[in-house]
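First to last, the protein sequences are chains A and B.
Counting in numbering that gives the first Met the number 0, the first sequence runs from 0 upward without gaps.
Counting in numbering that gives the first Met the number 0, the second sequence runs from 0 upward without gaps.
Derived from the structure by calculation, the hints contain no laboratory data.
Treat the hints with caution; some may be incorrect.
Claimed, not checked - Only some residues are given here: those of chain A computed to face chain B with a beta carbon under 8 Å:
| no. | residue |
| --- | --- |
| 1 | L9 |
| 2 | L11 |
| 3 | S13 |
| 4 | M20 |
| 5 | L26 |
| 6 | L50 |
| 7 | Q53 |
| 8 | L57 |
| 9 | I61 |
| 10 | I63 |
| 11 | Q182 |
What the hints assert, rightly or not - Below 27 Å or equal to it, Euclidean Cα-Cα: the simulated DSS-like pairs (lysine-lysine) are:
| no. | chain 1 | residue 1 | chain 2 | residue 2 |
| --- | --- | --- | --- | --- |
| 12 | A | K45 | B | K213 |
| 13 | A | K36 | B | K14 |
| 14 | B | K14 | A | K45 |
Unchecked claim - Far from chain B, some chain A residues (derived; all Cβ distances over 12 Å):
| no. | residue |
| --- | --- |
| 15 | A154 |
| 16 | D172 |
| 17 | F178 |
All residues carry an ideal CB built from backbone N, CA and C; glycine is no exception.
This is what each chain is made of:
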Amino acid sequence: MESNAFSSQLLLFSGIGVLIMMALGLLALMLSNRVQKRLLKEQMDKQALELSHQEELLIHNIKIQEEERQRIAAQLHDDIGSKLGVLHLTLHRLRKSDHASEQFAEVFEEISGLIGNTLETTRRISHELLPPTLEGFGLVEAINEFCDTVRRTGAVEVSFEHNFSKSDLPESDTELHLFRILQELLNNTLKYAAARNVMISLMQDEATIKLSYSDDGSGFDLENTISRGLGLRNIINRARMIGGELQLSSAPNMGFQAKLVLANKA
Amino acid sequence: MWSWIISEFEHLSAKLNIDILFLTCAICFYYWRRLSLAFKWLTGYLVFNLFIEIGAHLMSHDGNNLPLLHLYTLGEFWLWSFFFRTVLGKDSWLWKNFVPFTVAVTCLVVANSLFLQPIWGFNSHAKTLVQLVIIVYALVFAFHYTEYQLRQSTSYKSLRFVNALILMYYCSTLFIFMSSGFWKADDLATEILVDINRWLNTLFLVLVLFSIWKVTRFLHNSSSSQVSVS
Numbered sequence: 000m001e002s003n004a005f006s007s008q009l010l011l012f013s014g015i016g017v018l019i020m021m022a023l024g025l026l027a028l029m030l031s032n033r034v035q036k037r038l039l040k041e042q043m044d045k046q047a048l049e050l051s052h053q054e055e056l057l058i059h060n061i062k063i064q065e066e067e068r069q070r071i072a073a074q075l076h077d078d079i080g081s082k083l084g085v086l087h088l089t090l091h092r093l094r095k096s097d098h099a100s101e102q103f104a105e106v107f108e109e110i111s112g113l114i115g116n117t118l119e120t121t122r123r124i125s126h127e128l129l130p131p132t133l134e135g136f137g138l139v140e141a142i143n144e145f146c147d148t149v150r151r152t153g154a155v156e157v158s159f160e161h162n163f164s165k166s167d168l169p170e171s172d173t174e175l176h177l178f179r180i181l182q183e184l185l186n187n188t189l190k191y192a193a194a195r196n197v198m199i200s201l202m203q204d205e206a207t208i209k210l211s212y213s214d215d216g217s218g219f220d221l222e223n224t225i226s227r228g229l230g231l232r233n234i235i236n237r238a239r240m241i242g243g244e245l246q247l248s249s250a251p252n253m254g255f256q257a258k259l260v261l262a263n264k265a
Numbered sequence: 000m001w002s003w004i005i006s007e008f009e010h011l012s013a014k015l016n017i018d019i020l021f022l023t024c025a026i027c028f029y030y031w032r033r034l035s036l037a038f039k040w041l042t043g044y045l046v047f048n049l050f051i052e053i054g055a056h057l058m059s060h061d062g063n064n065l066p067l068l069h070l071y072t073l074g075e076f077w078l079w080s081f082f083f084r085t086v087l088g089k090d091s092w093l094w095k096n097f098v099p100f101t102v103a104v105t106c107l108v109v110a111n112s113l114f115l116q117p118i119w120g121f122n123s124h125a126k127t128l129v130q131l132v133i134i135v136y137a138l139v140f141a142f143h144y145t146e147y148q149l150r151q152s153t154s155y156k157s158l159r160f161v162n163a164l165i166l167m168y169y170c171s172t173l174f175i176f177m178s179s180g181f182w183k184a185d186d187l188a189t190e191i192l193v194d195i196n197r198w199l200n201t202l203f204l205v206l207v208l209f210s211i212w213k214v215t216r217f218l219h220n221s222s223s224s225q226v227s228v229s
């Protein structure tokens with residue numbers, strides 16, 4: 000009887016003691032969790048600040064890059080291109096003149112060919128830097144022209160569908176960014192994907208403009224590629240610059256898909 | 000009545016602990032290659048625990064199995080030290096002073112068994128010391144700052160859970176071993192305290208099994224993955 004009472008008391012005493020110790024352990028865990036959360040929040044705030052600073056820098060870089068492209072394209076076209084044109088004409092006049100000796104005919108021919116080639120190269124570089132079709136005829140025509148160029152290489156089948164008319168194209172800045180995004184995507188496909196087909200669609204409704212891009216190539220690990228490569232980050236930043244919502248998806252052997260949705264301000 | 004309850008429970012919990020440990024070790028060995036180093040040390044502790052439990056079960060028929068408690072105290076200290084050395088990382092005090100610290104504590108535990116509490120008796124001093132050390136390890140890990148990316152992983156969440164279990168279990172058993180000093184002359188009291196410790200140990204092992212199951216289930220499901228960002 001006495002032994003039972005003692006056992007009960009001891010059990011009670013031990014139970015309370017164990018519970019108190021467990022409560023102390025739990026208290027320490029809760030405290031550590033609070034400290035961890037606070038430190039984590041501080042670290043995340045710092046990281047977010049760094050990230051936004053980096054993004055600002057990248058966006059600034061893209062702007063500068065575009066301005067430089069425009070400036071170089073204009074100088075190539077207006078200055079060097081026109082001077083080469085004048086040089087070509089002058090050479091032609093010189094060749095036709097009475098003073099031109101027959102013995103230099105071959106040299107004239109060679110120089111004329113060189114000037115012609117240089118003019119062509121200058122025009123090509125200038126167009127690559129800033130497609131005149133984009134300025135003159137708008138985004139749809141520029142995409143069509145770009146798709147034709149890619150088709151001609153025979154590397155990949157490109158299909159492009161849209162429901163745009165010339166009158167309802169987006170703002171010129173937006174057009175340029177959309178074009179650059181598409182250029183980057185298609186170049187990536189040509190360089191890395193070993194794809195057979197590329198599908199591009201540019202659709203609009205009253206509220207949104209949707210640019211969809213997909214290829215049936217080898218696909219890749221998206222997370223790793225975004226953190227390593229500048230190309231995809233440029234695409235993401237351009238999408239941000241025009242206020243678009245971008246979704247990228249890919250996995251090895253699953254091809255690549257991109258979808259950009261932006262508000263239709265037209 | 001109490002003696003009957005105690006003897007029944009001893010019989011049941013000893014078998015139950017062996018079963019749980021056996022199951023946990025089997026799961027760990029099945030996923031051994033894909034387990035992180037910390038979980039490999041945890042498996043080491045569980046295997047050691049399993050052998051001690053089996054030994055204790057076999058020796059209990061012949062009488063005194065307390066020498067195993069002395070051995071267990073030492074093994075428990077070493078294996079948890081390796082476990083926390085791994086989870087705390089290279090910058091930790093434990094990593095930098097691992098050998099002198101563990102050797103010093105080992106010397107104290109061995110000296111206790113040689114000079115203060117012989118191996119045929121209860122080693123409450125050494126056990127209390129080791130429990131205090133393990134509680135400190137667990138507290139250090141609980142307050143150890145971890146990067147967000149790492150915190151999100153299933154393996155890390157399970158490690159935190161195991162750490163919480165270690166802290167709670169050792170805090171409560173610390174009380175048992177400290178209070179056993181008061182009742183050392185009373186056999187019934189000692190037996191009751193040992194049994195409470197067994198209940199806690201069983202609960203601890205069940206929860207460790209749960210955390211191992213969570214990790215291995217994640218390892219099983221993560222054999223193929225697809226990544227997408229938006």
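Here is what the structure says about each hint:
1. Evaluation of the L9(A) hint against chain B yields a held restraint, the C-beta minimum of about 5 Å falling below 8 Å.
2. A distance limit of 8 Å between C-beta atoms decides the matter here; for L11(A) the minimum to chain B is near 11 Å, and the interface restraint is violated.
3. Because the closest C-beta pair between S13(A) and chain B is about 5 Å apart, less than 8 Å, the hint holds.
4. For M20(A), the shortest C-beta to C-beta distance to chain B is roughly 4 Å, which falls under 8 Å, so the interface hint holds.
5. Because the closest C-beta pair between L26(A) and chain B is about 10 Å apart, greater than 8 Å, the hint is violated.
6. Taking 8 Å as the C-beta contact cut-off toward chain B, the hint placing L50(A) at the interface is violated, the least distance being around 13 Å.
7. Interface hint status for Q53(A): violated, as the beta-carbon distance to the closest one in chain B is roughly 17 Å, over 8 Å.
8. The restraint placing L57(A) at the interface with chain B is violated, with a minimum CB-CB distance near 17 Å, outside the 8 Å limit.
9. Because the beta carbon of I61(A) sits about 20 Å from the nearest beta carbon in chain B, more than 8 Å, this interface hint is broken.
10. For I63(A), the interface hint is violated, since its Cβ never comes within 8 Å of a Cβ in chain B; the closest pair sits about 27 Å apart.
11. Proximity of Q182(A) to chain B is violated relative to the hint, the smallest CB-CB distance being about 21 Å (cut-off 8 Å).
12. Under the criterion of a C-alpha separation no larger than 27 Å, the hint pairing K45(A) with K213(B) is inconsistent with the structure, at around 32 Å.
13. A C-alpha spacing of about 41 Å is found between K36(A) and K14(B), which places the hinted pair above 27 Å, so the restraint is violated.
14. Between the alpha carbons of K14(B) and K45(A) the distance comes to roughly 53 Å, so the proposed pair goes past 27 Å and is violated.
15. Interface exclusion of A154(A) from chain B stands, the closest Cβ pair being 26 Å apart, more than 12 Å.
16. D172(A), annotated as away from the interface, keeps every beta carbon of chain B farther than 12 Å; the closest lies near 24 Å.
17. For F178(A), the non-interface assignment is confirmed: its Cβ lies about 23 Å from the closest Cβ of chain B, beyond the 12 Å cut-off.
In the structure shown, a violation is registered for the earlier hints numbered 2, 5, 6, 7, 8, 9, 10, 11, 12, 13, 14, in ascending order.
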